[in-house]
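Residue strings, one per chain:
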Amino acid sequence: MPDPASEKPKTPCSGNCSCAGGNTTPPASANGTTRRAVLKGIGATLGIAAYAKALAPLTELTKQTSMDEFLQKHYKELSKDEIATVLKRLTRETKEQYGADVTINDPKPIDGVKFGYALNLSICNGCRKCAEACHIENNHDRPSHQSYIRVFEMTKGSMDFEKANAHYDHPVPQPDKYYMPVQCQQCEHPPCVDVCPVEATWKEKDGIVVVDYNWCIGCRYCEAACPYHARRFNWQKPQIPAAEINPVQSYLSNRIRPQGVMEKCTFCLHRTRNGRLPACLEACPTGARVFGDLNDPNSEIRWVLENKRVFVLKEELGLKPQFFYFFDE
Amino acid sequence: MSNPAAAPEIPAVGKPVPEWRQYIRFGWNAVSQSFEGGWKFYVWMILLTAIFLVGANAWAIQVRDGMAATAMSDHVSWGLYIANFTFLVGLAAGGVMMVIPAYLYHDEEMHDIVIVGELLAIASIIMSIMFVVCDLGRPDRFWHMIPGLGKFNFPVSMLTWDVIVLNGYLLINVHICGYLLYKRFRAQKPVAKMYVPAVLLSIVWAISIHTVTAFLYCGLGGRPFWNTALLAPRFLASAFVSGPAFLIVAIQIIRRQTGRMFGEGAIRTLVGIIRITILISLLMVVSEVFVEFYTGGSHTGAAKYLYFGLHGHHELVPWIWSSVAATVIAVILFMQPQVNRRPFILNTACLLAFAGLWIEKGMGMIIPAFVPSTLHEIVEYRPSLTEWKITAGIWALGLMIYTLLIKITINVHSRKLRDASGARTVTPDDAMAMREDSASSVI
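Chains as they are written, first to last, in the working numbering: chain A, 1 to 329; chain B, 1001 to 1443.
Okay, chain B solo, but in the shape it has when bound (with noise of 0.2 Å):
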């Protein structure tokens, strides 16, 4: 609210700075200034720097010396980085859970902060990218798949389909976070037709990222395992829960560091929802086992190995019991009426729920399909050094980028954000937009 003395002078400017100029420039003055903060962000940002830096240094080994640095084989020829793929696919489309509320049942509060959840969309959207670029054995060939440069096995290929869905998931969100963060700072109400339909776009894309990657897997008629029309919306249940479970979390953390309440009525919602769908995924769960342990045959190998272990091989069996732990303890806690008074409740019902769901669709879901193998060999795997270190490294890459998208997000909300000259740029828009803004906060 600087200077509203200024708006008149604006039109006598001759040449008017085009908007996307404009725009443009929001957009580099947001992220160099996302990288301000107090020393509590930078150790923040270096150790995750650090962490990073591991991962890239693994993976730079692993491009050189090839793929056999991870502990995958021709039996078990996806791991780690698919698990994480499949996973985070997930985490993106859960971020819908705050679209829908918002947009759909128009619930105020959710509104306000369904950015959080949009931002988280991205961030999520480019470390499943990464850890499907990771898990190439000839990235430098990654343009053979760009549409017109290379050749694009569409619409045949399910992956062409999830490179298609993936991309697209991450433009709309871009799409709709850049415009709502720059009407913002520009003070301008934003155009609903500019970004509603991007909005509703974005929920049934929502829902298609995570079907079709459900797809990838279960239109393999080779690997029962996979091979069942359960599997989408398996995926989208648990994907309604890590989301939300997520962003509950980010929501009382971002409270914490600019020390503003915001967000319970939305953060309710949030365990409304997650009380549902983690029963839903539950169940789905439940209904996936009864039918392979009680039809029985050859076919149940992957079930038997993954749960109780097949032939004196056991790999799998703590990381399953894990999960189901983590998932069971967690419905019981999100069942509980205090989850909405006691925050210590509610986070580790949360992080129990994320955890269990990290290991149910990652490990719990791509290794078991692999073993026995087609030709029912029991092959095992366990991921690599080199594996982990590169999978903590795209983690620590994706908290870097959600860190710095939330705080874009704040400097703009509270008016931090400063243009190149360092004073915020005032049109005659601005000027009327403030004093409507002045206007009604005095009302």
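The following block holds chain A by itself, in its conformation from the complex (with noise of 0.2 Å):
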């Protein structure tokens, strides 16, 4: 830190710094002036010391961040070829940071396809098993348990959360409570697009609002706009043991994130946009769940939405979700 009080150096400083101290020539009148240059000089080197010591950590982070990541374009300007690159890059950067074998696709929307998501609250018991399976698919980080879901378990005859609990710890499903899991509602008005300063993030054409996490640069206005609480994010790089590492990796997915970027719910797309189920659906042991295409008059969602008692979360906000809530009859 500069520091005026340090006269002590009276000799003017030894000349290898760019300092003003070290050229000055002493015009033969002003003592004044030479001693005030010097210590000048001397204040402004120790400031100028000070100032690199304390950036100092900034230079660590530039192993983390290679040249090509930093100028990186948009996903959406990026070529084929250039897509080809970068996959090839963050499949390089995976095995060099978690020492993990994974392949990293790009998977796009099918043509025709709207995904819609139903869950049944009837016969949801609250197990957390869906957020568990997230939580494994996504690669999420390990430490503070995250996933794209929360349960909350109700209190029956109420549809109010302030009366619902997140943090339930004992046998489920208790008698006077039903359970609600709540994850992205993929809205066909997301507040979190309209917000984002940067287009960081969209909705595709199959209804999935995704995130570049190579263009987001962390603002969080995103967060404070979803109403579902729907979004996280990266606090810190996210810790995974390479044994753990889900190698089935998308861009717009499931890859591991960067630190300081958002994330979200992607509908698992790299599972869907290949013919498969979202993870949480799979590992759901009751039934619950309801995934399909929106625009299929034949699918099992069309059949829920038809025949069943459905609504859908906040929807005086008019954000209209793609994630129904139903119950049996």
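No lab work stands behind these hints, which were simulated from the structure alone. Some hints could be false.
[To be verified] For each label pair, taking beta carbons as the anchor points, the in silico distance ranges come out as:
no., chain 1, residue 1, chain 2, residue 2, range
1, A, Thr34, B, Phe1154, 32 to 42 Å
2, A, Leu46, B, Phe1215, 29 to 39 Å
3, B, Ile1024, A, Leu46, 28 to 38 Å
4, B, Gly1265, A, Phe70, 51 to 61 Å
5, A, Gly275, B, Pro1147, 38 to 48 Å
6, A, Glu162, B, Lys1040, 55 to 65 Å
7, A, Ala84, B, Trp1321, 39 to 49 Å
[Claimed, not checked] Lysine-lysine pairs mimicking DSSO-like chemistry, simulated, CA-CA at most 30 Å apart:
no., chain 1, residue 1, chain 2, residue 2
8, A, Lys53, B, Lys1389
9, B, Lys1040, A, Lys40
10, B, Lys1183, B, Lys1193
11, A, Lys163, B, Lys1040
12, A, Lys156, B, Lys1193
13, B, Lys1416, A, Lys40
All C-beta atoms in this analysis are idealised placements derived from N, C-alpha and C, irrespective of residue type, glycine included.
Since each chain comes alone in its own frame, lean on the hints to assemble the complex.
Rendered as structure tokens:
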């Protein structure tokens, strides 16, 4: 730190620095000026050193962030070749940083398909297998037990989340309770997409809201805008042991996210765009979850929407979720 | 007034230095010479530098290790940084309360020192932008926000509007201050069309920066605590208290340091403004509190949490009641007739109002919107040491910038500023202006 009181070194500084102290030729008359200049020089040198020291941790960051990553274009502006290069780089980086061999693909939306999800509140028993499956499938940070799904234990006779509890720790189901898992509702009018200042998040043709993890600046405005608490931020670099990493990954969904960016549920697009079901659905022991193509009149989800008593969360906000809840008769 | 005799010689020189180069040279000299001063000045600046470096170091670590160094979470995803950002946009807008009397009401005395307010706008905007940068998880990707280079989600994202209005406001004020100081330095009369339109624009723009900043929050349907049409007017009213309160104290300090008495009338005008704006601000808070608590329901959760605590969680209660107490005492003091005669009362009132509003618009406005969360979970937030360090660091830098800007102004006005060769440049224009100057001073 620059210290004005450090008047001990009365000699000019050695001159191997660029400070004024070294190269000032003393004018014959003014001794005061010389001393002043010397002191200033020392002050400036110490100051610059202090600045360098204070900001030194930044230099350690460059090990994590390559120049290619720094200059990478927005996902939508990458050509096919460029995407291939990026995927190759990300695969290499995963190997370097996590020691795991993974394949990262970039499956595109299927023409004419629009995904929807429905959840049967009459039979969900609150076991949280879905949240756990999400945690593993999507390569979430292990220490924080992150998941895109939160399961709320609701009080029967009330839809008010104020009377709900997401931290229950007892056998389920409890007789006077019912259970409501909440994840991204893939809104038709997503406020998170509207507020993003850099278009790092958008709604794909099949209705899935995605994030370009390499474009997000981490301002967390989307997290403030989402009424469903669906978004998560990478407060630090995710930690996962190599053996636990799910190697089947995609650019827009479950690849390991960088530090300092947003992430969210993608309806497991690396699975669903390849004809499989979301991990949370496969893990559900009760069959409470129904997933499918809203555009297909013969799909199970369409049958649910047409025959069950269906509702959406916070309908009054007008965001048109593509995630539905229903009760059996 | 060094050497009017030099005037006739200048035209003989073949190539006159272009105006823009002279302006740059002026800027350079002004900045480098502003670092000279007495021991008090050095102690003050070194203290601020030290605090700033502590903050810079904390920020560098935060960037390296991640935002986990803060106390924010997925539930309370904005904290002390955004709180300070919001307050500082208000402080920047508050400077306009000197500009309006000076230029719209032709208050001559205010006109002479209006630059004190415009410089405050510059320092505050720089600080507010720094707070946003410190809140970013990936400051290295800041370029994604630059129109043309990155992707700029304009006009849908209110944050892009904020980027435009904040930077615009900064540029407008830099132009006004730079131009007027330069003209003063050259001892030329400022050309009205070069700066008056900018001044008028800055008045509208000041209102816009705080309105847009309020729109950032109040447009979010998922956050009932912010989702009120009263937010923007409330922001403005409180800005027009905190800005003038800061300026009243700043003018007194400058007066003491320069040993020259000025601005008594300006201070009175500012007190008059605060007397009204602080009441409007208070009225709006009361109005919001009434609607929240009389209506009741689950949307009242945030207000309940803020004022009384919710289900055994009380983190913000001491904050908000300190704010209420400070503001109410400030109101009482400002209403006393002695406030214009007793500097102690005046300064206490200013300090209390400033602190009270810093809490109300920061911790009391940003945090409760996240507690309870959108799904009514209660996760509390108490800023971490890293956040306090960075916050202190940015305030220190802001004060440093403000100090240097004020020093430049004093140097120019007291004709202490030299050009590179050590003498003030004299052109025919100058000589003319100086003759006029001396003539008028004789009169």
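We went through each hint and held it up to the structure:
The hinted window of 32 to 42 Å between Thr34(A) and Phe1154(B) is violated, with their beta carbons roughly 55 Å apart. Distance hint for Leu46(A) and Phe1215(B): a CB-CB separation of about 45 Å, inconsistent with the stated range 29 to 39 Å. Taken as a hint, the range 28 to 38 Å holds for the pair Ile1024(B) and Leu46(A), whose Cβ atoms sit roughly 29 Å apart. With their beta carbons about 54 Å apart, Gly1265(B) and Phe70(A) fall inside the hinted range of 51 to 61 Å.
For Gly275(A) paired with Pro1147(B), a C-beta distance near 41 Å keeps the hint of 38 to 48 Å intact. In this structure, Glu162(A) and Lys1040(B) meet the distance hint of 55 to 65 Å, their C-beta atoms being roughly 56 Å apart. Take Ala84(A) and Trp1321(B): their Cβ atoms lie about 60 Å apart, and the range 39 to 49 Å is violated. At most 30 Å may separate the alpha-carbon atoms for a hinted pair to count; Lys53(A) and Lys1389(B) meet this at roughly 16 Å.
For a cut-off of 30 Å, the pair hint linking Lys1040(B) to Lys40(A) stands: about 15 Å separates their Cα positions. Of the supplied pair hints, the one linking Lys1183(B) and Lys1193(B) holds, its CA atoms being roughly 13 Å apart against a limit of 30 Å. Among the hinted pairs, Lys163(A) with Lys1040(B) is inconsistent with the structure: their alpha-carbon atoms are about 59 Å apart, more than 30 Å. Between Lys156(A) and Lys1193(B) the alpha-carbon distance is near 70 Å, which puts this suggested pair outside the 30 Å criterion.
Of the pairs offered as hints, the one joining Lys1416(B) and Lys40(A) holds, with about 20 Å between alpha carbons and a cut-off of 30 Å not exceeded.
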